[in-house]
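Chains as they are written, first to last, in this note's numbering: chain A, 1 to 94; chain B, 1 to 232.
No lab work stands behind these hints: they were computed from the structure.
All C-beta atoms in this analysis are idealised placements derived from N, C-alpha and C, irrespective of residue type, glycine included.
A few of these clues could be false.
Claimed, not checked - PhoX-like cross-link-like pairs, simulated, lysine-lysine; straight-line CA separation at most 25 Å:
(1) B:Lys205 <-> B:Lys164
(2) B:Lys164 <-> B:Lys93
(3) B:Lys164 <-> A:Lys13
(4) A:Lys5 <-> B:Lys93
(5) B:Lys173 <-> B:Lys72
(6) B:Lys119 <-> A:Lys5
(7) A:Lys13 <-> B:Lys119
(8) B:Lys93 <-> B:Lys119
(9) A:Lys5 <-> B:Lys205
Stated by the list, open to error - Just the calculated beta-carbon pair ranges, DEER-fashion:
(10) A:Leu93 <-> B:Ser91: 19 to 29 Å
(11) B:Arg168 <-> A:Ile94: 42 to 52 Å
(12) B:Ser107 <-> A:Phe8: 38 to 48 Å
(13) A:Ala3 <-> B:Arg168: 23 to 33 Å
(14) B:Asn115 <-> A:Leu49: 30 to 40 Å
(15) B:Gln121 <-> A:Leu49: 44 to 54 Å
(16) B:Gln12 <-> A:Asn61: 16 to 26 Å
(17) A:Asn61 <-> B:His198: 24 to 34 Å
(18) B:Ser107 <-> A:Ala3: 18 to 28 Å
(19) B:His181 <-> A:Leu49: 47 to 57 Å
(20) A:Phe8 <-> B:Gln124: 31 to 41 Å
(21) A:Ile16 <-> B:Pro203: 49 to 59 Å
(22) B:Leu109 <-> A:Phe8: 32 to 42 Å
(23) A:Ile94 <-> B:Leu109: 13 to 23 Å
The lines below spell out each chain.
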Amino acid sequence: MRAIKTLFFFYRKIIIPALTLSFLLPLFAAGLISFLAGVGVSFVLLLPLFHYLGYEIRYPNEYYFYYNLGFSRFALWGLTVGIGLLVGTVMLLI
Amino acid sequence: MNGLHVDSVRKQFGNRQILNDVFISCIPGEIVGLLGRNGSGKSTLLKIIFGAVQAQNKFVRVDGVVINSLSKANGLIQYLPNDGFLPLHLSIKDIISCFCSTESCRSVLQNQFVNPFLKHQPGQLSGGERRAIEILIMLNSGAKYLLFDEPFNELSPLYVEVIKTMIRLHSSKKGIIVTDHNYEHVLDLSSSIILLDHGNTKPIKNCHDLVALGYLPEGANSEMLKHHTPLL
């Protein structure tokens, strides 16, 4: 339970801006790609980007908070890519 | 086998050997002070023990269990980095709920240094307030071994005393390794002292060893040394 809460806190910072931008970007590509597919592709790219900007560049020390709760940097990056691909795939399949 | 046992730690940055077969151990109830000059590898050693930094070689065992990754250290060892690490987008209450068990959570929430800031985010607190909270949540976590990297960094004398009291209060059940450039606080707090010198750990029997080994300048702080000489 604590692990889920920790991950929720980790992604809360990056998932909202990534989702928001993912819904906005396809509006500029209307006609070229279906809206939901655009959202999916954007999210696959934007979630790792926000992870990189939010944690690797801006606040790298915050990693220690998650290390102390048992999550390595490798595990967090794996989850980011995994969540991005999962949401992206679902969007493409809808 | 009870205790935190660290052995054969070797770390090299380029051609520079920082740690050379380092050994350090700690048992619950013990506070080990780790001293060393700038760049001697104190922080690197703590990060290697914790698992946040890879070493060329290391052996870490906690209460008989070999620890070779961060996930294995989870719940056993916690590391306080020398700079603040609390996520700035979370409230103090959320942070405490992640770190502390239900029982200890209650006492932390009621603590006089924490209670007024429960709805605040770390960025809204002063450096001292934030540091005190960081240390308090670690002391109240389930981890049996704590690695404190410069806990007195940027702290006013009042907060230093508060933090020293908190550490002493919890040290009976936990093994703590503490390093800080403010060596007077480390000497005051620790039950044993290790000097990291040229990549090796050297046990310090009395404060004059620190002068003899070149950690302190000769003749300096003689009053302080006199005060702390019966170290062990």
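| said: Check whether the Cα positions of lysine 93 (chain B) and lysine 119 (chain B) lie no farther apart than 25 Å. | reply: Holds, at about 6 Å.
| field | Distance restraint evaluation - glutamine 121 (chain B), leucine 49 (chain A), Cβ atoms, bounds 44 to 54 Å | value | violated, 24 Å
| Taking only the CA atoms, is the gap from lysine 13 (chain A) to lysine 119 (chain B) under or equal to 25 Å? | Distance of about 17 Å is within 25 Å: holds.
| Do the beta carbons of phenylalanine 8 (chain A) and glutamine 124 (chain B) sit within 31 to 41 Å of each other? | The hint (31 to 41 Å, Cβ to Cβ) is violated, given that phenylalanine 8 (chain A) and glutamine 124 (chain B) are roughly 22 Å apart.
| message | Against the range 13 to 23 Å, how does the distance between the Cβ atoms of isoleucine 94 (chain A) and leucine 109 (chain B) compare: consistent or not? | response | The hint (13 to 23 Å, Cβ to Cβ) is violated, given that isoleucine 94 (chain A) and leucine 109 (chain B) are roughly 43 Å apart.
| message | Looking only at beta-carbon atoms, does the pair asparagine 61 (chain A), histidine 198 (chain B) fall within the given range of 24 to 34 Å? | response | About 29 Å separates the Cβ atoms of asparagine 61 (chain A) and histidine 198 (chain B), which means 24 to 34 Å holds.
| task | Given the hint that lysine 5 (chain A) pairs with lysine 93 (chain B), test it: the Cα-Cα distance must not exceed 25 Å. | result | holds, 13 Å
| query | Has the hinted range 38 to 48 Å been met by the Cβ atoms of serine 107 (chain B) and phenylalanine 8 (chain A)? | reply | violated, 25 Å
| Taking the CB of leucine 93 (chain A) and the CB of serine 91 (chain B), does the distance hold inside 19 to 29 Å? | At 37 Å between Cβs, range violated.
| Do the alpha carbons of lysine 5 (chain A) and lysine 205 (chain B) lie within 25 Å of each other, as the hint requires? | Not OK: lysine 5 (chain A) and lysine 205 (chain B) at ~46 Å, beyond 25 Å, violated.
| field | Pairwise hint evaluation, lysine 5 (chain A) against lysine 119 (chain B), where the allowed Cα distance is 25 Å at most | value | holds, 18 Å
| Restraint status (C-alpha distance of lysine 164 (chain B) to lysine 93 (chain B) at most 25 Å) | Holds - the C-alpha atoms of lysine 93 (chain B) and lysine 164 (chain B) are around 23 Å apart, at most 25 Å.
Going through the hint list in order, the structure does not satisfy hints 3, 9, 10, 11, 12, 15, 19, 20, 22, 23.
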